[in-house]
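On the provided structure of chain A, position chain B as indicated by the hints.
There are 2 protein chains.
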Amino acid sequence: MHTPTPLMQRLGLAHPIIQAPMAGSSTVVMAAAASNAGALGSLALGASNAEQAREALAQLHALTEKPYNINVFCHQPAVLDSERDRAWLAHLQPLLDEFGGRIAAPLKEIYQSFNADTQMQQVVLEHAPAVVSFHFGLPPADVIGALRQAGILLMATATNLDEARQIEAAGLDAIVAQGFEAGGHRGIFDPTKDEQIGSFALLRLLVQHTRLPVIAAGGIMDGHGIAAALQLGAQAVQMGTAFLLTRESNANASYRALLKSPRAQHTRVTAAISGRPARGIVNRFMEEIDTPAAPPIPAYPAAYDAGKQLHALAAARDVHEFGAHWAGQGAALIRDGYTVAELVHLLVQEWQAQQA
Amino acid sequence: MHTPTPLMQRLGLAHPIIQAPMAGSSTVVMAAAASNAGALGSLALGASNAEQAREALAQLHALTEKPYNINVFCHQPAVLDSERDRAWLAHLQPLLDEFGGRIAAPLKEIYQSFNADTQMQQVVLEHAPAVVSFHFGLPPADVIGALRQAGILLMATATNLDEARQIEAAGLDAIVAQGFEAGGHRGIFDPTKDEQIGSFALLRLLVQHTRLPVIAAGGIMDGHGIAAALQLGAQAVQMGTAFLLTRESNANASYRALLKSPRAQHTRVTAAISGRPARGIVNRFMEEIDTPAAPPIPAYPAAYDAGKQLHALAAARDVHEFGAHWAGQGAALIRDGYTVAELVHLLVQEWQAQQA
Chain A
1 MHTPTPLMQR
11 LGLAHPIIQA
21 PMAGSSTVVM
31 AAAASNAGAL
41 GSLALGASNA
51 EQAREALAQL
61 HALTEKPYNI
71 NVFCHQPAVL
81 DSERDRAWLA
91 HLQPLLDEFG
101 GRIAAPLKEI
111 YQSFNADTQM
121 QQVVLEHAPA
131 VVSFHFGLPP
141 ADVIGALRQA
151 GILLMATATN
161 LDEARQIEAA
171 GLDAIVAQGF
181 EAGGHRGIFD
191 PTKDEQIGSF
201 ALLRLLVQHT
211 RLPVIAAGGI
221 MDGHGIAAAL
231 QLGAQAVQMG
241 TAFLLTRESN
251 ANASYRALLK
261 SPRAQHTRVT
271 AAISGRPARG
281 IVNRFMEEID
291 TPAAPPIPAY
301 PAAYDAGKQL
311 HALAAARDVH
321 EFGAHWAGQG
331 AALIRDGYTV
341 AELVHLLVQE
351 WQAQQA
Chain B
357 MHTPTPLMQR
367 LGLAHPIIQA
377 PMAGSSTVVM
387 AAAASNAGAL
397 GSLALGASNA
407 EQAREALAQL
417 HALTEKPYNI
427 NVFCHQPAVL
437 DSERDRAWLA
447 HLQPLLDEFG
457 GRIAAPLKEI
467 YQSFNADTQM
477 QQVVLEHAPA
487 VVSFHFGLPP
497 ADVIGALRQA
507 GILLMATATN
517 LDEARQIEAA
527 GLDAIVAQGF
537 EAGGHRGIFD
547 PTKDEQIGSF
557 ALLRLLVQHT
567 RLPVIAAGGI
577 MDGHGIAAAL
587 QLGAQAVQMG
597 TAFLLTRESN
607 ANASYRALLK
617 SPRAQHTRVT
627 AAISGRPARG
637 IVNRFMEEID
647 TPAAPPIPAY
657 PAAYDAGKQL
667 HALAAARDVH
677 EFGAHWAGQG
687 AALIRDGYTV
697 AELVHLLVQE
707 WQAQQA
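So the protein sequences, as listed, match chains A and B. Residue 356 is where the first sequence ends in my numbering, and the numbering goes up by one at each step. Residue 712 is where the second sequence ends in my numbering, and the numbering goes up by one at each step.
Don't read these hints as lab results, they were simulated from the structure. We treat Cβ as the ideally placed atom computed from N, Cα and C, and that holds for glycine. Treat the hints with care, since some could be wrong.
[Unchecked claim] Think about it this way: if two alpha-carbon atoms lie no more than 20 Å apart in a straight line, the pair counts; the simulated DMTMM-like pairs of lysine to aspartate or glutamate are: (1) 260(A) x 646(B); (2) 549(B) x 288(A); (3) 66(A) x 83(A); (4) 193(A) x 646(B).
[What the hints assert, rightly or not] So the derived list for chain A, only partly shown, Cβ under 8 Å to chain B, looks like this: (5) 161; (6) 179; (7) 204; (8) 222; (9) 225; (10) 232; (11) 233; (12) 338; (13) 341; (14) 345.
Pulled out of the complex, with its shape left as it was, chain A reads as follows (with noise of 0.2 Å):
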């Protein structure tokens, strides 16, 4: 057996895995059975609102009794730019045209940021899990204070240095090191500002330079990944898209079928399809709107209105290749047919017999 890191002590983790969230895919569901098996699970509630989250939440408190974790996306709200939003729809039109629908403008901010959205701090605070994690950056230092004085455990994702130290300076207990292999949006506070920084090195970077406990997400897939991880100096690990074929997964048929075929090799980090930087299998959403000739591309989470709209209306005509699929760089090493504790003492087994 294996000695916990101080990160699980802290936690009464079994394992040293957390489930990572994933809005859309990740479920309550998934949540549980990650916790349930000594793993960390992770509600996102990045696109949802007070009231879908207090559901979420008290589905989520009857189907476990260990800890886990809720994920709120902590952006600058976004300016809206109605020129711009104009510009981007003409942009989509011979999409538009292809599958005869359109565009419901002016597009929506369709989710709030938590920064500003002060019900789903009271419901946070009110729920008080054991641990609250951020990503896109910081909430506001009283939202820091008042969910450390509810004893939860904080948490935020850095993808350098810069973010990491700001992480240190404003409070919080660890820091979850997204390296560029990650699936899903990039963490990054500025999202102008990307510096692309593998998992091995940011790794080795934060945990020289911070004195938290570091969890590192990105690239990692199996036991051997895990092991990796804790040589380089963290204490536990965020693994995603490992578990995006799981039983307990919403992801849907075509996102399956793409993540088990050759496609899964080829990934890219593309703003176009939400407004913010996040890297999935390449479809054409990528290939054909995140081309050089197009215009700018409107706020977060705006893009994602016309986003989901265009995919919504392709996937009508039985077209699935608007979709968000979200994966990361070691997506050609998923593994199919097992159920979230199933995976998670499969990923403890290989990992552990990789120390014996």
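What follows is chain B alone, placed relative to chain A:
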């Protein structure tokens, strides 16, 4: 003590460490010191002609009896385009004005691809080093055949699974998996198609989907990195940036100062310096020349001809912002004050302490 990996056994290496070839910064003395310390030293011949290569190989041969690696560049020979080159020089004009100089036109293919350089092929074949490594692609099958015939272990850089499969199909002996973290030139076969895969994901992909021994390169700066790479299935690591401040390095004073400064945290991949994508510390070259408004970049190495002349003009005015300050994403973790032998010793100590 540790069981040597099959690749180490085959090469008779005491340590699973390859000093990366770094044209311009690595030296004959560095390669000899690395090999004599039980690692594998590398001589970079990518920027040498046959004459220079013959001399360097004679020196190296005199300095060590241990195996070493000769690295050559195997890109498609440059297609020069005088129109494109003229537009590029016009783009550089404001800087030429600042430094009061001019660049000799037309731009030249300042060094040949190994694939087209039959004299160089002959020199390498006659010298028959233990290892020859290819970067930027593969040489023609008859050249590979002749080198194999001479008993040379052959390896090549892969940045994605497709390139790795080409290397395997060509009958080579090992794959250098170059993660996106790595400093210097990206080994991509087609410089317009970069999958940008980080070391974590790339290593697992190549280890799982090819049969050749895999060498990890990119983001490895210390013994923790070595331990992690081996956990991911690598049989050795190749480290470049970590050696840049050794006594045997050819890095000049301004490059060394940059590596020791906080600016070492910020690296970027640019093709504007040489004509091929390469990672280095962000400097004025990247910020002022590699801009969205820049015209198409001349072919490699014609762009390098311009870049080197610009650097010389600037350096003559004591401006050291136009060099090729190649470095990986782990540059901020660099250690100073060691000889190559001392650094190899330290790395092995750190790695073994991890295993204890």
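Failing hints, ascending? Result: hints 1, 3, 12, 13 and 14 break, sorted rising.
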